[in-house]
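**Student:** Take a look at the letters that make up each chain.
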Amino acid sequence: MTRPKYAITRYTTANRINHWINAGLFVLLLLSGLSMFHPMLFFLSGLFGGGQWARAAHPWFGVFFMLSWIGMIIQFWRVNLPAREDIAWSKAIVQVVTNDDEHVPPIGRNNSGQKAVFWAMTLLIPVLFLTGLLIWEVYFGEATSIGVQRVAVLIHSLAAIAAILVWVAHVYAAIWIRNSVRSMTQGYVTPGWAWHHHRKWFWDLASGQRDKTTPRKHP
Amino acid sequence: MSDLQSQDYVRRSASTMTPPVARSHEDQVAKLIDVSRCIGCKACQSACMEWNDLRPEIGHFEGSYENPMDLGPSVWTLMKFAEYENEQGNLEWLIRKDGCMHCEDPGCLKACPAPGAIVQYANGIVDFISDKCIGCGYCVKGCPFDVPRISKKDHKSYKCTLCSDRVSVGLEPACVKACPTGAIMFGSKSDMTHWAGERIEDLKSRGFENAGLYDPKEVGGTHVMYVLHHADKPSLYSGLPDKPRISPVVEAWKGIIKPLAVAGIAFAAIAGFFHWITVGPNEITEEDEEEAARALRGEREPDPEEKS
Amino acid sequence: MALTRREFIKFTGLGLAASSMGMLGFGGSGVAQAAAVRPFKLTHATETRNTCTYCSVACGILIYSMGDRAKNALSNIIHIEGDPDHPVNRGTLCPKGSALLDIVHAPTRLKTPRYREPGGTEFKDVSWDFALDRIARLMKEDRDKHFIATNAAGTTVNRWTSTGMLAASASSSETAFLTWKVARSLGMVVFDNQARV
Amino acid sequence: MTNTWQDIRNANVVLVMGGNAAEAHPCGFKWVIEAKIENGAKLVVVDPRFTRTASVADYYAPIRPGTDIAFLSGVMRYLLEKDAIQHEYVRAYTNAGLIVKEGFDFQDGLFSGYNSETHSYDKSSWDYELDEQGFAKSDDSWQDPRCVINLLKRHVARYTPEMVSRITGTPQDKFLHICELFASTAAPDKAMTSLFALGWTQHTVGAQNIRAMAMIQLLLGNIGVAGGGMNALRGHSNIQGLTDVGLLSNQMPGYLTLPNDKETSFDEYMSTKLFKPLRPGQTSYWQNYRKFVVSLQKSLYGDAATQENNWAYDWLPKLDVPLYDIIRAFEMMNAGQMNGYICQGFNPLQAFPDRGKIRRGLSKLKFLVTMDPLDTETSRFWQDFGPQNPAKPAEIQTEVFQLPTTCFAEENGSLVNSARWLQWHWKAAEAPGEAMSDIWIMSGIFHRLRELYRKEGGAFPDPILNVSWKYTDPVAPDPEELAKDMNGRALVDITDPATGVTTKAGTLLDAFAQLRDDGTTAAGCWIFTGSFTEKGNQMARRDATDPREQGIAPNWAWAWPANRRILYNRASANLEGKAWNPKKPVIEWNGTRWVGIDVPDYGPTVKPSDGVGPFIMNAEGMGRLFARNLMAEGPFPEHYEPMESPVENVLHPKVNANPVARVFADDRSAFGNAKDFPYVATTYRLTEHFHFWTKHALINAILQPEEFVEIGEVLAKEKGIEQGGWVKVSSKRGEVVCKAYVTKRIKPLIVDGKPAHVIGVPLHWGFTGQARKGYGANTLTPSVGDANTQTPEFKAFLVNVEKTSAPVAA
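Residue numbers (the numbering used here), protein chains in the order written: chain X, 185 to 403; chain L, 1026 to 1333; chain Z, -12 to 184; chain H, 518 to 1327.
Bear in mind the hints are in silico, worked out from the structure with no lab data behind them.
The structure presented is a predicted model; accordingly, all values stated were derived computationally and were not measured.
For glycine and all other residues, C-beta sits at the position ideal for the given N, C-alpha and C.
All clues given are correct.
Partial selection, computed: residues in chain L whose CB lies under 10 angstroms from chain Z:
#1 Cys1073
#2 Glu1197
#3 Pro1205
This is chain X alone, in the form it adopts within the complex (with noise of 0.2 angstroms):
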């Protein structure tokens, strides 16, 4: 792998670890969770050498996910603050998915819709950690009442559900903003690539606002 003379470091190296294993653990727990969601889907319990065996290891991905993700908030939630651009930013929504960067209004290191995707899993993991946790049968099954139980999975399911749709939105932006998977696989992005997308995050680098990750000023 080679990377170019003038590469920007968007994401550090414990950035994309830390990313990766949610990555890996979230498709886990969807794998297995949604196997033991829908019956069209059981299927995919397969993957995990079975029904006990997927519903042995969810709550345990689970777990470090949860782990995992405290990771995430630790080291992105400053970069993901709300900033008055991002009003401007959601105006232009329709621009946006037009592709039309032309009228969208410049943004830094994440526009709102990056925002919105951490910030609505830094929401819903912790509570689908929870719930998770009082339908753990193996060893909260009788911590609490059956009924609290029914609420517990009720709102677990649906915020899995959210989660996934949030997750299938994050994926689907890193495919249609060409090279974001590369930002994340090997961390870096071209200069163009911050111009066009983050320009106030591009000037900020440029401006030797960011240190860690300055490109250097002259090629």
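Got chain X; can you put chains L, Z and H on it based on the hints?
**Tutor:** What follows is chains L, Z and H alone, placed relative to chain X:
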């Protein structure tokens, strides 16, 4: 082997196939528990353990004749005792055999995510097929009567099978056979309902005006029914639900949400696909790179709105 | 076998697909056909008619044992239930009768004769010959020493009061008769059964 | 039982008092439920506790333990006062009209003839006035003040409803309601059955409890009829058989009594047995006594029993005391008068009163032999098990043998059920390990002893050497051979003088009527004659056909005597021989003979007009409202307080408890008083367990795992006892520490104006087996018995109860 063919099932958990309906003439069975004849001797419990090779732990005395203290993976039926003082101040000892009710519309089966782990035979028996059980505990949440229990040893769910092995060879369940006073009867559901009517008449003649049959409509009727002296107050009998029904939460979860969610996820994916083929990928151009390079070389200053 | 990356993906993909198909029900009729009820366990068991050993309702019972009484099969009792032909219990059994299997196979069933010496702190396994020889000797010693042949009035009374016996009220009448013969021929009068307790 | 289990279904009223049929005999109790459902019967339960039987009763009344006679005497008073008796029946079939001797009297709690030094009665005045021919005088008009019915009226007059309630604690309205229900069965076509068990027998007045009820049943005409009778629900599976075969200290097979040492010769022995009829023309079946005894001796000693040696009469042991019962045996053990004890399938350390005394007694033995399929407490009495069995093995010099035996599933043989049915059972498997049958073990001991006597001689070896032992395998006689021995056979060709039919030598006999007193027949147990005939093993019959579904099933197994299912069934028909209840006839006179669904308990061709009474075993042919000299306490039942009682006997404080109870000095000193032990305790079984056996069975240990006592809510509150909390129950003899079951089912009773609390003590737990360890109810119980039978008073004694904490594991 006494394999029942798949055609003997009328319901099968988490299955996407339509159950076969060709064999539509099988008689439905029912167990009738006449509480007014029950002496609480626990022969049913004993026979159940013996026939089904179940031996729970030896417990302690906990202030009641109830032992073990609860249904469990190895306790499929349990006598529950309630000391009740009636309006006349006379004591009644209301003793009820607890266990699976074999609902016509089984909440456990509805909630179960494992294909074929819970089945309902054409004769009405709701059976757990351990081989297919994944131990998720959803049946526990689905059951309106708090019956299934998950084993900590093998993580499978257990409950009364109505001795499906005995019934399949033409015998009555073990508890029915043992019951010394005939408080547990077994036969076709229609015969049991008729017999219950006679019993209720007798009870009414002995001063139990509210005697009646417990065959709750809310779960489509049950294949285990009770004759109660106080059918107006089932909860007197150690908390038998007055109006049992599958929880609306479970109904929602296993009803509308399931297809909506799958549809929603599929829609999101399809929307993405069509976005791709209509709008297409958002790619940067050479110009972007050049502009960026110029900016980096300091040949360009940001516009005011481009500053953070 | 060297696999290129592309081939590897293909293989795992196929494997996944195959296993998923299996789970969907294409993996053979055994899986597709929904599982079976538990096989009926008495189909070829040997049935023996007996009477419940507990109370004197004397319920008829059917004892089922493994094996067809062929020479090489040591029959083992696997199940006991009520005899539906019996006019009193008509197949029913109480919680004790329903659990007769567990008394037959109780872990505290005795299997060897045991002996405890005077002042001893434990039982020792002994042979039947040792036990019966010793018992007979002790009984004879006591009888010879304390037997009352005649009373003060000179009447022959043939009475042995220093050794007594309690007879088993769950043993058969045939056992009882033999026991009576033995006890009375020895002149034993301290002789009772469980009729009262 | 006079009737069968299934016959209970014919009853109109079922009384369960002195027992807990649902709990102790669930499968027999089904016929009570059937009576309710199919016959509209009312179930009445009278019990100190609201039992499982009470849970399905139509009417329940509480009663203070040990006061049943007061209750039942009150019922008799009610029936006589309201004239709710079945006149025709009482007049013809009971001794109501017979005239009692002058001199018979009852004053201040005592009948005539009491000797306060010996605590016994001279019973000579307890009899009828006889005429010149030796027949009892009678007054059929019941005018004579000394006729039985008038004496009875006078005797029970004191038991007014107020007095009954004052003694028993039963509320008056409940008592009177029950009287009404009883009275409804005085109608000729109505029947009441009485189901009882140890709740009546285990009292110092046990036999009189039962007598009182039997008198009520006679007054109501309920004896001998379908759905009636006195039904003792017996305990163990063959306790009836062991009683029938005479395994009691004073018994021989078939209810023949063992001689006592005043009966110095066979003729003297027989002179007290051959009951002459007391009324003209009566059967008095015991006139055949001699035939039964001679046939027994021929069975036991074969050719060695001869006319010349008085049928080996001298070889029978002779008693010097009325009974060598268990209470006496342990008294003797404690006094150092016993050296050896054999417990065959019996667990006295758990079963007998005053456990401490039992343990001390066993410790003084030279040897103890236990024969049992299970590891019993008794066989380990010498071992230390902490507070449940504190023993010091080093100090106990007893040699102990623990012999493993087969159980029911591993042997052939017959058992006699409560309804006197002899049922054969078959072996299903081999015994575990080296376990052997009781027959093999008893034979083994016997052969060794016989060999020793043959070789060495010794004390009086004659009976040992001469016992007949003609079995194919002398080491382990076949049960069928023993059954044939009991049935009996002809020893020479015998010809029936009436029919001219000859029975060949060696042939099995069909009926005890064939027995002879000249040594030409042998029968080990005359009442079993007919059970194993040339037609085969009658006990193995399995035809369950039940004519009219009336609960007889005459071809199922075989019932003694003579396959008769309902005793005294002649009394089911009126004087003309027609059934009192035409819907449920048992036997009827068809003009030439008695026919019906049962074997007549009567001469089959004796005409009704002959005036032969239906109670053919009794010398007067009648049911006895007046018991003559047959009971220790008196011819009528009288209320005496239990030995330990919270109150004084309000009828006659000077004669508080049973005046003729036998109490050993050390046992008397172990009685507690109401000041230290203010609560009445009663012991009982629970349905989940059978005595001390099923704690060895895992399922039953699961169903009722741990020792507890039952305490009413009021007392529990007073004492601060919590549900399921630990309590200490103590009597003068010991203490039990266990859990408490605080229940609404036991309520305080108002006795003589004061509340009396009852504590229930189930008896199943010990220190071997699978259930949790327990102290055993007999730690608390007093060592005193019924004056007639010495059945221990387990059902009413005094205790104290206190809240405590869990015992510290030893």
